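> Given the structure of chain A, go ahead and fit chain B onto it with the hints provided.
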Amino acid sequence: MNILAHIGRATLALLEETGRVAIFLKDALLQGLTPKIFLRQILEQMMRIGYFSLPVVGLTAFFTGGALALQIYLGSSRFNAESLVASIVALGITRELGPVLAGLMVAGRVGASIAAELGTMRVTEQIDALVTLATNPFKYLVGPRIIAAVVTLPILVGIADIIGIMGGYIVGTRSIGLNGYAYIRNTADFLEIDDVTSGLIKAAVFGFIIAVMGCYHGFNSKGGAQGVGRATTNAVVSSAILILAANFALTSLLFAD
Amino acid sequence: MAEAGYIELAGVTKSFGPKHVLNGVTLSVPKGHSLVVIGGSGTGKSVMLKCILGLLHPDSGSIRIAGEEAVGLRGSARDEYLARFGMLFQGAALFDSLSVWENVAFGLIQGRHMARSRARDIAIEKLGQVGLTPDVGNLYPAELSGGMQKRVGLARAIAADPEIIFFDEPTTGLDPIMADVINNLIVDCVKRLGATTVSITHDMASARKIADDIAMIFKGEIVWQGPAKTIDTSGNPYVDQFIHGRAEGPIQMDVLKP
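Protein sequence lines correspond, in order, to chains A and B. Heads up: the first sequence begins at 1 in this note's numbering, then just goes up one per residue. Heads up: the second sequence begins at 1 in this note's numbering, then just goes up one per residue.
Isolated chain A (complex conformation):
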């Protein structure tokens, strides 16, 4: 009896939340991404979301590339297939780990800050104040963040791909002792343009998820400092889960062609 009530309540809450997100998404797309466009805001957000995430994403990619090289060497040396290290590192980084790890790092860094900033603006009535100054908050706040995230995440991942492969190269040549020339040869021969673009498409989708979830939770936060804290947590957790789910969906989809 009690268990059923709990399940019922949880299901209703989930459906309600999904509906709210859907309505927010509709407003974000129809109001936020249609003229008028706030160019200053877009550029500012591109700096904050893209440029300032470079160190975090770069370091993540570098160490991941290095660790990947070590692991693959460990596995492939059992079959005397050490020459595969370079190609599998490149494939793993560009198709999977680059976009997913960059997405998760940016979700933690940027998703949280978007939710905290907009959440504070909500509870201090700054978002209402925008409306009274004849400025649509979806156009001024939400649109620029979505555009900036969708544009900069693929750029970030492109850079992460290069740094990750470089991390693999450094570990491969220095600590495993692979031939540097052969490593680069293998990477260049094996890597196809589709591998890179599929990762960049994923990155754009992840950027969209991060910005929308950050804005959604920020916009709907209430109840002072605690509410803003909750919004921040929810923004990070929901975008991380959605990124991983979308990654699976996109991988199946991109494999299908």
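In case anyone wonders, no lab produced these hints; they're calculated from the structure. On a predicted model such as this, the values are computed, not experimentally measured, just so you know. Positions of the beta carbon are idealized from the N, C-alpha and C atoms, including for glycine. Be aware that a few hints might be false.
In silico DSBU-like links for lysine-lysine, alpha-carbon gap of 30 Å or less [to be verified]:
id : chain 1 : residue 1 : chain 2 : residue 2
1  : A       : Lys222    : A       : Lys26
2  : A       : Lys139    : A       : Lys26
3  : B       : Lys229    : B       : Lys31
4  : A       : Lys26     : B       : Lys50
5  : B       : Lys229    : B       : Lys219
6  : B       : Lys31     : B       : Lys209
7  : B       : Lys191    : B       : Lys229
8  : A       : Lys222    : B       : Lys19
9  : B       : Lys31     : B       : Lys50
10 : B       : Lys209    : B       : Lys191
11 : B       : Lys229    : B       : Lys209
12 : A       : Lys26     : B       : Lys19
13 : B       : Lys229    : B       : Lys19
14 : A       : Lys222    : A       : Lys139
15 : A       : Lys222    : B       : Lys50
16 : B       : Lys219    : B       : Lys209
17 : A       : Lys222    : B       : Lys219
18 : B       : Lys50     : A       : Lys36
19 : B       : Lys219    : B       : Lys50
20 : B       : Lys191    : B       : Lys31
21 : B       : Lys50     : A       : Lys139
Partner residues are not named here, just some residues of chain B that face chain A (Cβ under 8 Å, in silico) [what the hints assert, rightly or not]:
id : residue
22 : Leu55
23 : Asp79
24 : Ala83
25 : Phe85
26 : Gly86
27 : Phe89
28 : Gly91
29 : Phe106
30 : Gly107
31 : Gln110
32 : Tyr140
Below, chain B without anything else, positioned relative to chain A:
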């Protein structure tokens, strides 16, 4: 009512889930008048203002500004509607990422597409009207005291010369002297613009100073409305209890007795 008011609310209701916040608010403000709505916390004062501004959508009823129905406006009609309003928020609600002059000029630059340099001149002028020197314009809201933030909020509310200004608890959280300074500024600014204003407050000193008319809201309904001078002789038990600040009377607070 013989003459239709500039702002007319008729039977406005608003509920949040099972909670009925507004139970048919009917209110009329003549052009150029200053109406102060008094009432305790949680009686629906703020919700009423947000309904007029369209920040919340009333469940039923009609809101007319200059005879024009406001409920359900969308798109550019809504933008034009909002351009008539200025609002001073309770916590000033200044944008903390922008400097003071950019805050004041925000509605001019973003809402009316005015050139930045011209908007800046107007912002400095409006800051002068609320008693702030031009150099304050380059500071950020976080660097200002509460009273100064309120004054900047007032300058921002009047920057675009609105026809209608709302004041949400303009004196809450200020010391009595600063509260009186704000009251004087409100009276001055409103007179200069000839604007129609609605203020909500529970500060009676402020209400007496800025009001032409006073309305009392209780449980989402207007229980009394009349000229400010007659507030002490209203004969209304709700009003009497409120202006004298008595715990005993028809208004009962839900307080658990120990």
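> Each hint: holds or not?
Verification of the supplied hints:
1. Lys222/A x Lys26/A: Given that 30 Å is the threshold and the Cα spacing comes to 21 Å, the pair holds.
2. Lys139/A x Lys26/A: Judged against 30 Å, a Cα distance of about 13 Å means the pair holds.
3. Lys229/B x Lys31/B: Measuring from Cα to Cα gives roughly 19 Å; hence the hint holds.
4. Lys26/A x Lys50/B: 23 Å, holds
5. Lys229/B x Lys219/B: Holds: Lys229/B and Lys219/B sit about 24 Å apart, inside 30 Å.
6. Lys31/B x Lys209/B: 19 Å, holds
7. Lys191/B x Lys229/B: Satisfied, since the Cα-Cα distance of roughly 19 Å is no more than 30 Å.
8. Lys222/A x Lys19/B: 17 Å, holds
9. Lys31/B x Lys50/B: 20 Å, holds
10. Lys209/B x Lys191/B: Holds, because 13 Å separates the two Cα atoms, which is no more than 30 Å.
11. Lys229/B x Lys209/B: Distance ~11 Å between Lys229/B and Lys209/B Cα, so the pair holds.
12. Lys26/A x Lys19/B: 28 Å, holds
13. Lys229/B x Lys19/B: 34 Å, violated
14. Lys222/A x Lys139/A: 21 Å, holds
15. Lys222/A x Lys50/B: Within the cut-off at roughly 16 Å; holds.
16. Lys219/B x Lys209/B: 25 Å, holds
17. Lys222/A x Lys219/B: 23 Å, holds
18. Lys50/B x Lys36/A: This hinted pair holds, its Cα atoms lying about 25 Å apart.
19. Lys219/B x Lys50/B: Distance of about 17 Å is within 30 Å: holds.
20. Lys191/B x Lys31/B: Measuring from Cα to Cα gives roughly 12 Å; hence the hint holds.
21. Lys50/B x Lys139/A: Cα-Cα ~20 Å, so holds.
22. Leu55: With a minimum Cβ separation of about 5 Å from chain A (threshold 8 Å), the hint on Leu55/B holds.
23. Asp79: Interface hint status for Asp79/B: holds (6 Å vs cutoff 8 Å).
24. Ala83: Hint holds; Ala83/B Cβ to chain A Cβ min 5 Å, cut 8 Å.
25. Phe85: 6 Å, holds
26. Gly86: Nearest chain A Cβ about 7 Å off; hint holds.
27. Phe89: 5 Å, holds
28. Gly91: 6 Å, holds
29. Phe106: 5 Å, holds
30. Gly107: 4 Å, holds
31. Gln110: 5 Å, holds
32. Tyr140: 14 Å, violated
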